[in-house]
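Colleague: Residue numbers (the working numbering), protein chains in the order written: chain A, 1 to 309; chain B, 1 to 884; chain C, 1 to 189.
No lab work stands behind these hints: they were computed from the structure. Quantities reported herein were computed from a predicted structural model and do not represent experimental measurements. Please note that the accuracy of each hint is not assured.
Unchecked claim - Cβ pair distances, simulated, as ranges: (1) A/G53 / B/A166: 30 to 40 Å; (2) B/V399 / C/G146: 18 to 28 Å; (3) C/G146 / B/S463: 51 to 61 Å; (4) C/A35 / B/K582: 18 to 28 Å; (5) B/G396 / C/T103: 45 to 55 Å; (6) A/G53 / B/D272: 51 to 61 Å; (7) C/P99 / B/T480: 29 to 39 Å; (8) C/A35 / B/E500: 55 to 65 Å; (9) A/V239 / B/G396: 53 to 63 Å; (10) B/S578 / A/G53: 37 to 47 Å.
Cβ coordinates follow ideal geometry from the N, Cα and C atoms, glycine included.
Residues per chain are reported as follows:
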Amino acid sequence: MPDANSLYGPLDPAPDAGWTDAQPRMGFFTDTSVCIGCKACEVACKEWNDVPGSGLDLLGMSYDNTGALTANSWRHVAFVEQPRPAAPAADAPGSSVAGPQFLGMPGARPPGRGTGAETRSDFRWLMMSDVCKHCTHAACLDVCPTGSLFRTEFGTVVVQEDICNGCGYCIPACPYGVIDQRKGDGRAWKCTLCYDRLGAGGTPACAQACPTESIQYGPLDELRERAAHRVATLHERGVPQARLYGHDPTDGVGGDGAFFLLLDDPEVYGLPPDPVVTTRDLPRMWKRAGLAALAMAAAAVAAFVGGSS
Amino acid sequence: MAEAHPVGFQWVMEAKRRGAKVFHVDPRFTRTSAVADSYLPIRAGTDIALLGGVVRHILENELDFREYVLAYTNAATIVSDQFADTEDLDGLFSGYRPDTGSYDTSSWQYAGHEGHAEITGTGKERDSAAGLRHESHGMPVPAPAQRDETLQHPRCVYQILRRHFARYTPEMVERVCGIPQDKFLELADAWAANSGRERTGALVYSVGWTQHSVGVQYIRTGAIIQTLLGNMGRPGGGILALRGHASIQGSTDIPTLYNLLPGYLPMPHHADHETFDDWVDSIRHPGQKGFWGDSRAYAASLLKAYWGDAATPENDFCYDHLPRMTGDHGTYQQVLNMIDGKIRGYFLLGQNPAVGSAHGRAQRLGMANLDWLVVRDLFLIESATFWKNSPEVATGEIVPEQCRTEVFFLPAASHVEKEGTFTQTQRLLQWREKAVDPPGDARSELWFFYHLGRRLRERLAGSPHPRDRALLDLTWDYPTHGPHAEPSAEAVLREINGYEVATGRPLSAFTQARDDGSTAIGCWIYTGVYADGVNQAARRRSRHEQDWVAAQWGWAWPANRRTLYNRASADPQGRPWSERKKYVWWDPDAGEWTGYDVPDFEKTKPPTYRPPEGASGVAAIAGDDAFVMQGDGKAWLYAPSGVLDGPLPAHYEPAESPMRNPLYGQQANPTRKVYEHPVNSVNPSPPEAHSAVFPYVFTVSRLTEHHTAGGMSRTVRPLAELQPEMFVEVSPELAAEAGLTHLGWAHLVSGRAAIEAKVLVTDRLTPLRVDGRIIHQLWLPYHFGTEGLVTGDSANDLFGITLDPNVLIQESKVGTCDVRPGRRPTGPALLDLVADYRRRAGITPQRRVPIVTTDAAGGGDAAGSTDERSPQASADEHDGGGDA
Amino acid sequence: MGLRTFLAGWPVYRQLTGTDPLGRGAAAQSARSAALTARTETADSVARSVCPYCAVGCGQRVFVTDGRVTQIEGDPDSPISRGRLCPKGSASKSLVTSPLRQTTVRYRRPYATEWEDLDLDTALDMIADRILAAREDTWEDVDDAGRPLHRTLGISSLGGATLDNEENYLIKKLFTAMGALQIENQARI
């Protein structure tokens, strides 16, 4: 029987999805503190998965010309140009920058625009390779009416291209805005965590290519441990902004299969600060709907019964 | 490095994880800066001032690794009393000859060696890019030299260095480079701290460094620092050149360069090398120290490999078959000669000069004035389509119906469709297996040249002309295979390695080379790559199955040695400097050198060995002469010969600069190669008038997502979409000043061209406060052209042609320009715009670029006053530029 | 096919009878998904190669099926690259299989406005003719002082630095024997 946490809360998703031979849950730990924004992940993904081109547009969002995760971009490297956050008093006076907080939204002015040329060399350029989070509680999967979206034995979430009928229910269900329909094809596409490579004991194409091990692949338990160490090291080395995102099994999606080490608030990278599985309230809603239906039925019966008396 | 060599950069990140501190110096904030511990923005073209500041910091604070410096460098050597420094001559060294724009180097020699200067006037050396010959070795000097081990003698190298760099103070660094003093001192302190027995520091540069009119001296300055700190020949140290193409190292080792033959043997010069003996003696310098003493054997073996049975000791191994240089025959001289109608045919082999070379317009006009052009490439690149699709077609300068150039485009095989070796940036040869056959008519260069040669030889068979003997005598009998008769690359590699003529047995070391015709060697420094008849470059023992030096992966020249001069990783007595930094050491029990790498020393020569009186060649190398290819066995802090623009580096402004040189009256490199040609021009720099017409500094480089001239990336969809358009990066301050808007258009104008680009306004570019004024810098990628999935104007079109004197590489990392909002004009109006700028800048056919700008040379073509160098005077010169 | 097998292929049957009553995992796996294999596992051959872009020299494995390159990825054995590749190296399959690649000879006649087709063999003959003619017209035997020159300055060449050492060797050897001195390379640039 499904776990009590089947739809919300901490869970090991593969056994819950009926995999009696479930593998250790596999995932990505993306350490943005060592990302150099080379986009090898984007290209390696496209080459392996034969993902079509995503357009030839200069977006002006720093070096990001991909723009977002889409049906044709399953990895997306975000670039954030910003002044360094106000530093502790130990730093030289005048080196702190009091600029407006950048919210990660494209605007008329370049992102992270600072003030004052004197402090400009202390500028910070953040890079992050974003990807499908492979949520513990994946709303896309919950709402998929065809069974195209499914949970693999590795605990990952995959769209089955031979099943998907392009209904599009999954698109608004994703709390991260990851899954997307492909124009001219209609079906939904996203990162598969290279399901085919995993089956052969391989590493997903992006993680294998990543020159600096910013993208690390492995059993999620190990990755979480490694990530905690990395955060501690960075804190020791004077990077207090380092924090994890998506690692917590008690968060709104039950923890992500692909989680991140960030150097600023998630919003800065265009990530939702507190994502919640959009089907969280579904059981309650069904329960209430059921109760309402029962009440209606009872009322109708009562009306008939009452009428005949 | 993260930008252009991301996978190599993993090792920097690895070092960083272990606590290394990473400094990044660049005109623009790049992906490397993003993860560096400290980023230093620098004014393009001022690296010698920065590095000179570090040298001064080391010397003034005596932070050098003294034991290393005394034992392994020429710090103690006494220099001739005839030498005069830039300190004495306002930016010139002694021996400058204004008539030739070159140096007589006799006064630069070590004391007592003045008469030995092999080069008295360096003009000829410049034309033959002689500096390139030293890629594998330094210039020899007669030994022994006088030394003062106390380093107190006023003319010892150490003291000369101190005086020379005394003015490169932190204040001066800030004033020249625009780097704040505290940032500079952070770098200098950290660099100096990573020195000594326990620690090392590494210097990594990308070859944009070579694309300056003082490029060789940039690297020299880095070498001085790394030598003073004892960072050469030791693990974790060194100067690491990040070259930009898969086998560009191989292209210099087995050169397709006019002035070199394989293994850095010089192409003969008609006057200096009339006979085989003249030629060989100019390489080996009879009576001198080092491995070049055997170069007669290397030279004879090369000619034997070329001309086989026809090459005999009696006929000097067909030495007369070699063509002779008479001057500068470099690629830029060739292009000007094309424009002047002197060249009939041109081969482009996987190269796209219409985009990748400086002064694109000159390149394309040259190609449009040939009888024929052969382009071999994967794609129809700009250099193949210039006659129908180029900026000059748009301006009417090239009219297809009037352009006579006959063009052959031959499709080439890709790297997976042929087998052979690449030599990567650390001299490592790696063999590639062939995966598939090339499609259609696509063929390898190996196929093309082998069959072309075969046909030429067939046509000339029986020719009575002596000039055809060289082709007919050539050994050209490589085995072929497959339906297209592909020649065997392994057979060629075997010839490169060399073999014993009588038996055909492959040689295993260049020490087996003979000068009697009994050995044939295609490239002596590669001998050993086919040792024991085994393709050593094809070795692929997994990194998991060997130690960190990974000596069984591929094969490195020379002798599979991974770190050069590694004798210096041990102290003079042959013991490791420290346990932590041990690499190669003397094992007294075994009586030999041992360690992780192949020792760069004679295996059984003990550290205590001292050469007998009168010894020469290898026997003259003492047991503690770690720098075995140098004429005195020492690393050269001061170069008495071999570097044509001075024994020490001095900061000169780029050929195009908006400001006067704050260090010396001499503005720019007085020996730089300048071409006076109607198509070429140099934007005026102080002290010339009108420099304010081009008030901004621009620099170009690569993006991670593209490759060089774009022929292998703008044609590839997953790359093209990542950087889909030509753009220019400007600071918010410059955008405000010039009226540029983010994602709007701008056009840039130099004396050569006007190009347009989309604007990216970014804090990654920053205005610099330099010598009392603000200098704005612009950055552009140079990947774009008119063909491919994504197109755009070519940044290299903006550059003129001015070359480094040592190696004749162009200054294409810094120039001056103007920038204006909006798109550039099209058609003939574009030419009018550039002409208008040229008129305002005083660029007329009569104008000659002033080379000497100080009176210290004693006459010559000094063009400017030398004493107006206070910040105030300098700022005054630029009033009206709108940039103060 | 037995009834049981037929039914087992029907997800609803699996959902109702198996361990996945919500039909989100094992029961939903399609036949295609169940049969997926990495194409690197089924390749006919793997060539060990080197990336053609910059000079770091990253190891590549080139996977081939039915005579076509199906994947190029990093060689984990390489001590240089440890299996990693940058975006350019990662795009190598698209480079070698690009539809924009020219696979036939193109010829532009003097003063022509368009390309023409040309047979490879003919092209080679025509080029050989032109080399010999240029050499004939521009040959320099000796200088003014009678010293040997043995060269032609009528022919130029500029090579890229993605050529193999073996190729550069033959290029230099042939041009030198031809007396063509003006042979240059990206290494000068």
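Colleague: None of the hints should be skipped; say for each whether it holds.
Modeller: Against the structure, the hints:
no., hint, in the structure
1, A/G53 / B/A166: 30 to 40 Å, "violated, 58 Å"
2, B/V399 / C/G146: 18 to 28 Å, "violated, 45 Å"
3, C/G146 / B/S463: 51 to 61 Å, "violated, 23 Å"
4, C/A35 / B/K582: 18 to 28 Å, "violated, 55 Å"
5, B/G396 / C/T103: 45 to 55 Å, "violated, 34 Å"
6, A/G53 / B/D272: 51 to 61 Å, "holds, 57 Å"
7, C/P99 / B/T480: 29 to 39 Å, "holds, 31 Å"
8, C/A35 / B/E500: 55 to 65 Å, "holds, 58 Å"
9, A/V239 / B/G396: 53 to 63 Å, "holds, 58 Å"
10, B/S578 / A/G53: 37 to 47 Å, "violated, 54 Å"
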